[in-house]
Structure formats: structure tokens, C-alpha cells
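Asker: Residue numbers (full-length UniProt numbering), protein chains in the order written: chain A, 1 to 522; chain B, 1 to 522.
Just so you know, not all the hints are guaranteed correct.
As the list claims (entries may be wrong) - Derived pair list, reagent style DSSO-like, types lysine-lysine, alpha-carbon separation capped at 30 Å:
| no. | chain 1 | residue 1 | chain 2 | residue 2 |
| --- | --- | --- | --- | --- |
| 1 | B | K345 | A | K345 |
| 2 | B | K251 | A | K431 |
| 3 | A | K347 | A | K251 |
| 4 | B | K345 | A | K431 |
| 5 | A | K16 | B | K251 |
| 6 | B | K431 | A | K345 |
| 7 | A | K251 | B | K410 |
| 8 | A | K207 | A | K345 |
| 9 | A | K410 | B | K410 |
| 10 | B | K347 | A | K431 |
| 11 | A | K16 | A | K347 |
| 12 | B | K16 | A | K251 |
Note that these hints are calculated values from the structure, not bench results.
There are 2 protein chains.
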Amino acid sequence: MPAKGVCAMTSARFSKVYQGELRVPMREVRLSNGSSVTLYDTSGPYTDPAYEPDPRRGLPRRREEWVRERARAGHPVTQVGCARRGLVTREMEFVAVREGVTPEFVRQEVAAGRAIIPANVNHPESEPMIIGREFLVKINANIGNSAVTSSIEEEVEKMTWATRWGADTIMDLSTGADIHETREWILRNSPVPVGTVPIYQALEKVKGRPELLSWEVYRDTLIEQCEQGVDYVTVHAGVRLAHVPLTAGRKTGIVSRGGSIMAAWCLAHHRESFLYENFAEMCEILARYDVSYSLGDGLRPGSIADANDEAQFAELRTLGELTAIAREHDVQVMIEGPGHVPMHKIKENVDLQRELCDDAPFYTLGPLVTDIAPGYDHITSGIGAAMIGWYGTAMLCYVTPKEHLGLPDKDDVKTGVITYKIAAHAADLAKGHPRAQAWDDALSDARFEFRWEDQFDLSLDPETARSFHDETLPAAPAKTAHFCSMCGPKFCSMRISHEIRDAGYAEKAAEFRRLGGTIYVE
Amino acid sequence: MPAKGVCAMTSARFSKVYQGELRVPMREVRLSNGSSVTLYDTSGPYTDPAYEPDPRRGLPRRREEWVRERARAGHPVTQVGCARRGLVTREMEFVAVREGVTPEFVRQEVAAGRAIIPANVNHPESEPMIIGREFLVKINANIGNSAVTSSIEEEVEKMTWATRWGADTIMDLSTGADIHETREWILRNSPVPVGTVPIYQALEKVKGRPELLSWEVYRDTLIEQCEQGVDYVTVHAGVRLAHVPLTAGRKTGIVSRGGSIMAAWCLAHHRESFLYENFAEMCEILARYDVSYSLGDGLRPGSIADANDEAQFAELRTLGELTAIAREHDVQVMIEGPGHVPMHKIKENVDLQRELCDDAPFYTLGPLVTDIAPGYDHITSGIGAAMIGWYGTAMLCYVTPKEHLGLPDKDDVKTGVITYKIAAHAADLAKGHPRAQAWDDALSDARFEFRWEDQFDLSLDPETARSFHDETLPAAPAKTAHFCSMCGPKFCSMRISHEIRDAGYAEKAAEFRRLGGTIYVE
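Full structure from sequences and hints, please.
Answerer: Following this line, the structure appears as C-alpha cells:
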């Protein structure tokens with residue numbers, strides 16, 4: 001890992017702490033006033049100074065024993081299966097500590113299908129996390145090499161980099177050669193759940209010719225990925241033959257890769273989607289590994305003009321039907337959402353998804369609130385992501401500055417993750433999550449008390465905050481200065497606020513004159 | 001100006017066009033399919049290849065004759081004065097063309113006080129623009145040297161740079177030496193309205209000692225700035241003695257510089273604010289020059305914890321009283337707003353402001369929707385800005401990545417402006433502004449038709465979009481490739497969409513097989 005990332009987490013002022021019997025990892029920020037703030041930590045063992053990473057060995061398989069225990073006890077394989085039978089799994093206990101709620105509350109939310117814990121029995125390296133509207137809003141970072149560029153090592157590095165900055169899950173969207181090997185490296189080294197889109201690998205197996213796809217090729221690919229340890233799979237089973245014509249009048253047609261592949265298959269054979277027709281069998285496969293569905297929105301809008309149209313909502317209704325079938329099979333389900341949506345049409349997406357999919361967790365890409373800013377789509381989508389998170393979306397799929405233009409490099413991945421942590425946290429605040437505001441309060445206290453280093457350390461990106469400050473006021477003394485580089489000493493509003501607070505008003509007036517009114521000097 | 005900025009506007013594919021008798025400047029983007037898109041242009045004569053800039057001579061004084069005409073005709077000095085008497089000024093005709101509405105509609109909105117046209121009779125270089133909820137959402141960029149850093153030349157360059165990227169007004173927040181001279185340079189070279197905070201210069205005149213301020217010192221400073229041509233002034237007349245104690249329990253006290261200066265004065269003398277007590281006389285001064293009020297929110301919240309508190313809303317009620325007084329004097333008024341506000345508390349700000357200030361235009365700083373991301377506050381605030389713009393805020397004051405940390409350099413100014421253009425345009429879309437979506441549609445058409453150069457040219461930042469694309473696919477042919485660098489040729493969803501659109505379904509199935517299903521190759 002780049003020194004940059006490491007030092008952000010293992011400096012004298014940061015430490016990795018473990019809570020409870022299950023040793024749930026947290027990030028502790030020690031403040032100069034003696035207090036400390038404990039934050040949710042997605043970075044895995046990599047940020048524990050005591051841990052020596054070895055990509056070839058992979059991460060410790062901490063969940064292995066938990067899975068065996070369950071098997072020995074004859075409990076159901078899936079988290080939802082256990083939850084429905086009143087069983088609280090280790091994974092539920094783990095996420096309860098992470099979220100600061102009771103294990104029983106976690107069990108109830110999972111049992112009701114309002115939350116999922118994506119945790120393939122074959123991915124014991126992962127640290128359990130939960131996706132649901134009653135919990136902290138999560139973010140996903142997409143990685144994956146394409147036919148055009150990038151290497152396995154790069155993708156593994158992007159994964160650890162993304163989780164270091166706060167990605168709660170990652171999706172491997174590789175489409176080029178070595179899909180299997182890339183995924184193996186990522187799974188064995190990922191502390192967070194890993195999602196994939198199996199149709200991409202299936203298409204590689206038929207030389208990129210959609211019409212040669214079949215249920216058999218797809219099923220074998222799915223089983224291969226379940227065996228490897230993929231935690232959730234995007235399945236575009238809602239793209240039915242009858243939906244395809246609904247996209248003909250659109251400004252930007254079908255912009256989902258998986259959606260377009262299935263649409264092409266349906267047209268080539270003029271038949272119903274094999275994913276739709278074999279959905280029940282697919283559920284049986286996923287149930288054996290506790291792989292969760294991420295039901296893909298293959299017909300999501302790719303432009304403001306196409307938002308909330310007939311094609312999009314027709315597919316959403318189908319995803320509702322499929323959710324019910326998955327639940328009959330004790331398979332965990334979340335639903336993917338758009339896309340490109342203007343602000344005034346965002347809430348309708350959440351309300352309709354809740355209604356049609358019986359409160360299954362919603363997982364959206366942005367949405368981008370305008371089409372006119374390629375190069376800044378982390379921002380156009382961060383706006384929509386914060387809003388849709390507030391409205392109840394459980395996980396936000398990040399968008400990087402390279403969206404629509406190219407493949408993200410490491411800096412783009414970091415920018416995308418930080419932007420989405422902002423959106424997710426803003427949503428937690430707006431939803432009134434009991435723990436959310438403590439972080440803002442700690443940072444604002446540090447700011448008001450001129451504890452500069454604390455302000456930097458509490459920020460989402462400490463180095464950037466520190467370096468921006470130092471560009472204007474490099475001197476070390478400036479770190480303790482009771483003013484900032486924006487206003488300078490004479491105009492520091494917060495200095496004056498302290499005066500106002502520290503003294504009564506009559507005394508104040510007198511004291512002001514006594515001091516010649518110079519309230520600014522140190 | 002850097003070649004970068006210039007080439008963005010004067011390439012073969014961009015041109016400056018002038019509409020109507022008043023030669024209202026617009027930016028025309030010529031597309032490869034023969035059509036063109038005309039966009040609102042704030043960049044002034046600088047982007048007209050025929051214009052030779054000379055900072056020492058300043059911009060052409062195009063409004064000089066308009067002002068004289070009005071004087072000869074014995075018309076009122078202020079836009080609102082004219083509007084109320086049924087007179088349509090040249091400035092109203094100009095903004096009508098810019099906004100695509102009738103001059104009469106502009107007059108009605110100005111007469112009602114729902115919109116303002118900040119245009120000091122002594123700033124004839126400015127191109128008239130309008131701020132009101134019924135018009136395009138505008139953005140302001142703050143510049144200004146501080147005691148700590150920067151020079152006059154830099155500030156003038158930042159101003160032309162900010163307007164080049166889309167700033168509708170700029171505020172000169174200089175607090176250091178040479179305030180008068182810096183402002184003179186900016187005014188004579190600014191094609192957009194210029195706002196200031198006169199208390200900053202007044203404080204310099206009393207050696208930075210707030211308690212030495214007086215109405216006389218302030219009044220003389222105000223007259224000096226009105227004479228120079230300042231178009232609107234932030235006046236913190238709502239910070240009354242009785243409001244100061246309301247801030248004592250806050251997490252971050254008073255974060256407005258002007259607000260803290262007035263609070264310090266009130267406490268030092270234990271007297272009512274001289275700005276509040278002399279407000280009527282101030283109106284008489286502003287009316288002589290048609291300088292608009294921007295009634296400052298000196299008690300805006302500086303943290304999530306302080307949002308929508310008693311101090312903030314007590315001041316807002318006072319701003320409502322002052323709005324009524326200003327209108328009696330035919331002075332144009334807008335109201336400043338927060339600050340730091342979580343998403344769920346944003347709308348209340350707009351609703352209360354409309355009610356208390358009788359629909360005077362709202363002008364907000366962000367708001368930032370979380371405190372935890374110093375270094376990324378253009379994004380935390382861009383989220384709040386887009387939302388509050390949708391709710392009805394007329395102008396958004398930008399925030400740069402350096403907020404809370406340091407002074408913005410040119411790159412920060414550009415990032416802040418682009419981020420706020422995104423927020424403002426997203427708000428225009430959500431408000432259903434009749435012209436807003438045409439821009440998104442043009443860009444999305446270009447994207448779907450693989451017209452890469454058109455997509456770049458239609459974006460808010462063409463060079464960045466082009467350079468991001470070229471990082472992954474540098475070759476010139478890639479500019480005409482019917483796939484993008486994200487998916488590569490085999491996974492291009494839009495390619496498949498074209499197939500779906502271009503052929504009937506039965507033929508489709510046949511054709512697919514005939515072509516061996518290779519729908520991807522060029």
C-alpha cells in the first residue's frame with residue numbers, strides 16, 4: 001500500500017481497536033484533549049500494524065469456524081434462513097457490535113428481508129456487514145479490469161485501497177481475460193463482501209456472442225463463482241422479452257451492460273429470458289452458499305430524459321415478483337436502482353421500490369442529477385446519492401470522475417469513495433442515525449477550539465485536509481494558531497465567539513476598553 | 001488568461017454570438033451533426049476573439065448610455081423603482097433575452113421584489129443579470145486577498161477565471177491592505193455584478209478594533225464603495241444586541257466574520273447595532289446608486305449541531321423587517337442563508353425565509369450537509385446547494401475545496417465554480433425550467449450517438465472530459481469509436497441498444513445468426 005494510505009491509519013494518532021468477544025475492528029482517533037472517537041472501519045487487517053500482509057497467503061479465514069459451527073448444529077446455511085428460525089448467527093452478533101444495535105434487532109431485520117448480510121460460506125476472510133435502511137448507509141466501489149486496460153495486481157491494490165478509504169463492499173466487474181484468477185486474488189484478500197456480475201464471465205465463455213449464451217453456460221459460471229466465495233451477484237433477471245420494446249423510444253436506450261446482453265439474447269431467440277425462466281433453480285444454487293441476490297436494473301435510465309420511464313418501472317415490478325420467489329428459498333435479496341434521475345424524480349424511485357419489492361434493501365448507482373458534467377460525475381451522482389440515501393436507500397454504488405469517459409485509476413477510486421462516504425454520512429445524519437452526528441460534533445468542536453491536528457485526523461481524508469492547510473500556513477505554529485488561514489488573525493469570527501462566551505456582557509464592555517479592544521492578539 | 005481557459009471558449013467549435021438589438025452575449029456550441037446549442041454566457045468580452053483585453057483600460061462601459069437615458073427621462077434610479085412605475089429598463093430587456101422570457105415578466109418580478117437586478121449606476125461595465133426564483137439559478141464566486149496572502153493581479157485573474165467557467169456574480173472579500181485599489185481593478189474589469197462586505201474595509205480603517213467602529217466610519221466606507229460601482233453589499237444589520245446571547249450555547253458560536261465583528265461591537269458598547277439603528281439612512285444611500293442589499297446572515301450555523309437554531313431564525317425575522325424598510329425606499333434586496341445544515345433541515349430554511357422576507361430572493365452559502373470532510377467541502381456543500389436551489393434559492397454562493405483550511409488558488413476557484421454550476425443546473429432541471437433539459441438532452445444524444453467531440457464540447461469542462469477520455473483511449477480513432485473506454489467493444493450496451501432500435505425483432509433474430517452474432521465489431 002502507498003505510504004499515504006498507511007500513514008493515514010497507523011499514525012500515532014490512529015489505532016486499530018477490537019471490540020467484544022468477536023474482536024470487531026474499529027478505528028480509534030485519539031484527540032489532543034485526551035478524548036477519543038471510535039469510527040466504523042472497513043479497512044481490514046491491513047491497517048493493523050501487527051498484521052503482515054501476504055497477498056499469496058490471503059487474509060485470515062476468521063469466519064471458517066463460525067460456518068462449521070452452524071453446519072454441525074444443523075442450522076440453515078443462509079443468514080435469512082437462520083434469522084427466520086429465530087437463530088442469531090455470529091455474523092449477526094458481529095454486525096450488531098459494528099452498528100451499535102442489539103443482535104436481536106439485526107435478526108429481526110434480516111428475517112423480515114429488510115436487511116441482508118452478504119457472506120458466502122466460501123468467503124471466510126470477510127468481516128460481516130449489513131445492508132438495510134435501519135443501519136448505516138453503505139457504499140460499494142466497483143473495480144475490475146476490462147478488455148481495454150489494467151492488470152490483476154492493479155485490481156487487488158484498488159480493492160485494498162478502496163476499503164482503506166471506506167468502501168463497505170467491492171464489485172469485481174472484470175470483463176477481460178483472467179476473470180477467474182483476478183477474482184480469486186480479490187476474494188482471498190478482501191476484508192469486505194465481494195459482488196460480481198456472472199453474465200460477464202459467461203459471455204467470455206461464448207466468445208462475446210450473446211445469442212450463444214444459455215442457462216447451462218450461465219448456471220455453470222454461477223456455480224463456479226459461488227464456489228470461489230462471491231458474496232453477492234448481480235442478476236438481470238428482470239429484463240424480460242416484453243420489456244425490450246419499451247426501450248425503443250428512449251434517448252439512451254439500454255445502458256446496463258448486463259441488461260443489453262440479456263436484451264440481445266431475448267431478441268436473437270425471440271424468447272423469454274433464461275434468467276427469468278430458471279430463477280427458482282438459481283435460488284437453490286445461491287441458497288447452498290448463502291450468496292445474496294443483487295437484482296440488477298438492466299433497464300435503468302442512462303439520461304435525465306429517460307428517468308422513471310415505463311421500461312424502468314416495468315422491470316422493477318418484475319424484480320418485485322422475483323424478490324418473493326427468492327425469499328421462499330431463504331435467499332437474501334437487494335434491489336439495484338438508477339442511474340440518471342433529476343432531483344424531483346428521485347423519491348418516487350425509493351417509494352415504488354419499497355412498495356413493489358416489499359422493503360428489500362435498495363442499492364443504487366448515484367443517481368446522477370444531470371448529464372452535463374462528464375469528468376465530474378462523482379459530484380453529479382454524489383448529490384443524488386445523498387438524497388436517495390436519506391430517502392431510504394441502504395447502499396450506494398460509487399461513481400468516479402472517470403464515469404462515461406474511462407477506467408478509474410487509484411486516485412479516481414479514492415475520490416469516488418470519499419465522495420460517497422460524504423453522501424452516505426449525510427444520509428445517516430438526515431435519517432437521524434443515533435451515532436452519526438457524534439462524528440460531526442467531534443470535528444466541529446476541534447474546529448471551534450482550534451485543535452487543528454484533531455480536525456485533520458477526524459476528517460474523511462486527513463492528509464488532504466492537512467496539506468490544504470499547510471499550503472497557506474505551512475509553519476508548525478500555525479497548527480496551534482487561534483485563527484485560520486482564510487480570515488487571518490484580525491478577522492477570526494471564532495476568536496470573537498470565544499470572547500462572547502467567556503465573559504459576561506457588562507465586564508465584557510469594560511474589559512474590551514481596558515485591553516484597548518485588541519481582542520485578536522495571542 | 002491561461003491558454004486552457006481561452007481555448008475552451010474560442011476553439012473552432014465554440015463561438016461568441018450576440019442576440020437582439022442589445023447584443024446579449026451567448027456561447028454557441030457547434031455540433032458535428034450540423035446543429036448547435038446556445039448556452040448562457042457569463043464570461044464577458046474576454047471570450048470574444050475580436051476583443052483585446054487591457055486591464056488598465058478596463059471593459060467597455062456599455063451601460064453608461066442606458067443610465068444617462070434614464071436620468072434624462074427623469075426615471076427612478078433603481079430597477080425596482082422603475083419596475084414599480086411600470087417602466088421596463090434596458091437592463092430588464094437584456095436579462096429577458098438572457099433568460100428567454102418577456103421583458104414584462106422581468107419587470108413584474110422585480111416590481112414584486114421576487115427578483116433583483118444588481119447593477120450600480122457606477123458599474124457600467126457589467127452585463128445585466130437577474131437573481132430570482134423564477135429565473136435560472138445563479139452562482140457567486142468569492143475572491144479577495146486576505147492579510148495572509150495573495151496579490152491584486154491574482155484577484156483580478158481569479159475574477160476573470162471564475163466568470164469564464166460560469167460565475168454569475170463575484171464577491172470581493174478582501175481584508176488586507178489595498179482594499180480600495182484591489183476593488184477598483186476588479187470593478188473596471190468585471191463583466192458580472194460585484195458584491196462586497198463594507199464592514200471589512202471599515203474595520204481596516206479602525207485598525208481592526210471592532211469597538212472603534214461607528215456609523216460614521218461605516219457610512220463613509222459605504223459611500224466610497226457605492227461611488228466605485230459595487231453592485232450589492234452584504235450588511236449584517238440583523239445581528240442585534242439581543243441576538244448575541246442566543247449564540248452562547250452553540251457548538252461553533254458565530255462563524256460569520258461580519259456577524260462576529262458586529263456582535264463584538266454590540267457587546268463592547270452594550271448597545272444596539274449601528275447598522276440596525278441607521279438602516280433607513282443606509283437605504284437612502286444605496287438608492288442613489290441602485291446598489292442592492294444582500295442582508296447578511298451573521299448568525300448562520302457553522303456546524304450541523306447549530307443548524308436552524310434560535311439565533312439563526314431570530315436574525316432571519318429581523319431581516320424580514322429590514323426587507324420591508326428597504327422596499328419602502330425602492331432598494332433591491334436579497335437575503336443570505338446558511339451555512340451548515342443537514343439535508344432534512346434544509347427545506348425549512350427556504351420556507352421560513354420566503355414567509356418572513358416576503359419572497360425576497362434567497363442567496364445561500366452551500367449549505368454543507370456534513371462537517372466531516374474538510375478538503376471536500378465543495379462536495380458537502382454542493383449537495384446542499386443543489387437541494388436548496390431546487391427548493392427555491394435564487395443564488396448559490398460557491399464553496400471551494402479549501403473551505404475551512406486555506407485560501408483558494410485558481411484550480412480551487414475552477415473546481416468550486418464547476419461544482420456549483422452542477423448544483424445550479426440540477427436545480428433548474430428539478431424546478432422544470434423550460435430551457436434546462438435541452439442541454440442534458442443534447443449531451444446525452446451525443447453520448448448515445450458516439451459523437452465524442454460533441455460530448456466533450458457540451459460538458460461544463462470540455463478539457464477535463466477530453467483529457468480523462470484520452471488517458472484510457474488516446475488514439476484519435478477512439479474519438480469516433482462506437483464504444484467507450486469503460487466497457488470496451490465487446491460490452492458496449494449502447495451498441496446493442498442501437499441494434500435493438502434499428503431493426504424489427506423477427507428480422508433481428510435472423511440477422512443476429514447471419515452475422516454469427518458478432519454485433520460488436522466495427
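Asker: For every hint, state whether the structure bears it out.
Answerer: Hint by hint, here is what the structure shows:
| no. | hint | result |
| --- | --- | --- |
| 1 | K345(B) <-> K345(A) | holds, 20 Å |
| 2 | K251(B) <-> K431(A) | holds, 21 Å |
| 3 | K347(A) <-> K251(A) | holds, 22 Å |
| 4 | K345(B) <-> K431(A) | holds, 11 Å |
| 5 | K16(A) <-> K251(B) | holds, 29 Å |
| 6 | K431(B) <-> K345(A) | holds, 11 Å |
| 7 | K251(A) <-> K410(B) | violated, 37 Å |
| 8 | K207(A) <-> K345(A) | violated, 39 Å |
| 9 | K410(A) <-> K410(B) | holds, 24 Å |
| 10 | K347(B) <-> K431(A) | holds, 15 Å |
| 11 | K16(A) <-> K347(A) | violated, 38 Å |
| 12 | K16(B) <-> K251(A) | holds, 29 Å |
Hints 7, 8 and 11, counting from the list given before, are not met by this structure.
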